Amino acid sequence: MTAQPPVDPRQPQQQAAAIDLMTYEPPNIQASLDRVSASMQANAVQSTQPAAGVSPVDTRRAPVPIFDPGRSS
Amino acid sequence: MPESVITNMVPEPPSSICTTGPMPHIINGALLSLIRYQFADISNITQPALHKYLWNKDEKTSAILIEPVYKWNPRNIQQRPAVIVKRGPWKVHRISIGDRLHAYVADEGYSEFTQQVLMVGSHVLFCVGRTGLEAEEIGTEVAMHMLGFSELIRQQLSLARFQLDSIGDVHRIVECQDHFAVPVTVTYGMQLNWEVVRQAPIWMRTLATIEVKE
Numbered sequence: 206m207t208a209q210p211p212v213d214p215r216q217p218q219q220q221a222a223a224i225d226l227m228t229y230e231p232p233n234i235q236a237s238l239d240r241v242s243a244s245m246q247a248n249a250v251q252s253t254q255p256a257a258g259v260s261p262v263d264t265r266r267a268p269v270p271i272f273d274p275g276r277s278s
Numbered sequence: 079m080p081e082s083v084i085t086n087m088v089p090e091p092p093s094s095i096c097t098t099g100p101m102p103h104i105i106n107g108a109l110l111s112l113i114r115y116q117f118a119d120i121s122n123i124t125q126p127a128l129h130k131y132l133w134n135k136d137e138k139t140s141a142i143l144i145e146p147v148y149k150w151n152p153r154n155i156q157q158r159p160a161v162i163v164k165r166g167p168w169k170v171h172r173i174s175i176g177d178r179l180h181a182y183v184a185d186e187g188y189s190e191f192t193q194q195v196l197m198v199g200s201h202v203l204f205c206v207g208r209t210g211l212e213a214e215e216i217g218t219e220v221a222m223h224m225l226g227f228s229e230l231i232r233q234q235l236s237l238a239r240f241q242l243d244s245i246g247d248v249h250r251i252v253e254c255q256d257h258f259a260v261p262v263t264v265t266y267g268m269q270l271n272w273e274v275v276r277q278a279p280i281w282m283r284t285l286a287t288i289e290v291k292e
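Chains as they are written, first to last, in my numbering: chain D, 206 to 278; chain R, 79 to 292.
Just chain R, with the same shape it has in the complex (with noise of 0.2 Å):
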């Protein structure tokens, strides 16, 4: 569990991820959140041709299905429209001998060693529209929410980095052929603290080792 989340140097305001930390299943759920804001208000949507497309809570009667991918069924897609967010791999970088935060000075005697990584990863936001053009124009409507908002969005998430990584091609679903996507595909990067602290102070450890002698 990280101890704290330093957002590249750069004092922001808090957010209430950073007592959780940028996890992949919150991460998840930040983004699942955004496009079902964003396509729960008409006045959200730029592309007047997806304006019919608005979002609700009942998935029976929702024009538009947004839902991670674990809970993708094609039988409940009928013949709507989708966005289905899939978290992608996420990758460990280490920019330090042992992952030690060197230059760092524990005030006070509980501190063991203070470590640190990077870590980067990457989600698909599938865009699924009944015909290439739909999928187009959804793909390119979640794209464009992504790119403009990601400063904002990198804020508050408490990450490093974020950023619209790629608009993939058209292709055909495989488990719903009268069905196609757009993979939009985001990137994001993080550095992790994190702080390993002994149960007991220094002098606790050193009464332990002493013998007596008679």
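Bound-form chain D, shown alone (with noise of 0.2 Å):
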């Protein structure tokens, strides 16, 4: 069994992938920019949200009847 030599770092890594700068998109950067978004929507329902022991309905008005036959002639 042989020994492997050691990695020098800071030698140029020849098997290193290449990129083209102008055209390089990161993996999976649509999926991050979704999960963005997602939190920011989940924040805006949360603020929306009444807050404990509140409401979000006001029941001092009675509900008005849209067609009451009782009424009709």
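What the hints contain is simulated information worked out from the structure, not anything from laboratory work. Bear in mind the structure is a predicted one, so any value in this text is a computation, not a measurement. Virtual Cβ for every residue (Gly too), placed ideally from N, Cα, C. A few of these clues could be false.
In the SDA-like style, the derived pairs of lysine to any residue whose C-alpha atoms are separated by at most 20 Å in a straight line are [stated by the list, open to error]:
#1 130(R) x 112(R)
#2 169(R) x 223(D)
#3 169(R) x 230(D)
#4 169(R) x 222(D)
#5 169(R) x 233(D)
#6 130(R) x 140(R)
Covered stretches of chain R (chain D as the covering partner; in silico rule of three or more C-beta atoms under 8 Å from a C-beta of chain D) [what the hints assert, rightly or not]:
#7 104-118
#8 126-137
#9 198-204
#10 224-237
Put the two chains together into one complex, using the hints given.
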């Protein structure tokens, strides 16, 4: 069994994949953007939730019937 | 043109960017300035191995090039490291029917309607070195800077989100085979609101439809 030569990290890495700076797009960038958007939407939904103990419906007003056959002549 | 930018409904100190909105070229310039200031002062550089790479305005004498990608020229880099800033894709996310800002009551008669969207985007910061390790060191330096100051950057740029997304693998550069690059990706998001305002009040439009009968 032969020992592997030590790797000098300051030497160029011949096996590194090549990229073009003008056309490079990070992998899974679309999923990352979707996650950012989802977290913003979740925050927006939470901010519209009523605070504890506060009813989102104004119960002081009685519901107004749209159609009341008893009053029609 | 957005009328205003809502930064996540949290009161924050005003920023000059409120007048323009965080547009793509403005985010580009802001990130470029941040990295230049980081490498302009030795006290901002955490890794001693990078202390020799101080940036200055003269690109011929600067020890490190920090430029937008459209100024990237492999001939200019010579034997220097670099940070190349490139804007990634921006996406519009719709969050309401017709993009309308519901539950908003305009208090004057000129407002036609108010709309909103979420905008998310990304930037890639290519950290370029002459060796793989040097690219890694510069990449780590830039990434930690973005991570550490992410909340401050978010506030100052009037963004709802700003975060370090990833530190990519070491890559060889196609146009410059003796240099290596580590892509550092940041993502961000904002809510854009705008209001469509008619030039004349409501009654002006009513007057235009009156017919005169003799």
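Hints and how they fare:
1. The hinted pair formed by residue 130(R) and residue 112(R) meets the criterion: a straight-line CA distance of about 19 Å does not exceed 20 Å.
2. Distance restraint check for residue 169(R) and residue 223(D): the Cα-Cα separation of roughly 27 Å exceeds the 20 Å cut-off, and the hinted pair is therefore not satisfied.
3. Restraint check: the Cα-Cα separation between residue 169(R) and residue 230(D) comes to about 14 Å, which is no more than 20 Å; the hinted pair holds.
4. For the suggested pair residue 169(R) and residue 222(D), the alpha carbons sit about 28 Å apart, so the restraint of at most 20 Å is broken.
5. With a C-alpha separation of about 14 Å, the suggested pair residue 169(R) and residue 233(D) falls inside the 20 Å cut-off, and the hint holds.
6. The straight-line distance between the Cα atoms of residue 130(R) and residue 140(R) is roughly 10 Å, inside the 20 Å bound, and the hint therefore holds.
7. Counting residues of the segment 104-118 of chain R whose beta carbon lies closer than 8 Å to any beta carbon of chain D gives 0, which falls short of the minimum of three for the stated coverage.
8. Judged by the Cβ-Cβ criterion of 8 Å, the segment 126-137 of chain R is not covered by chain D as claimed, because only 0 of its residues qualify and three are needed.
9. Judged by the Cβ-Cβ criterion of 8 Å, the segment 198-204 of chain R is covered by chain D as claimed, because 5 of its residues qualify and three suffice.
10. As drawn, the segment 224-237 of chain R meets chain D at 0 residues by the rule of a beta-carbon pair under 8 Å; below three, the given contact is violated.
The structure shown violates the earlier hints numbered 2, 4, 7, 8, 10.
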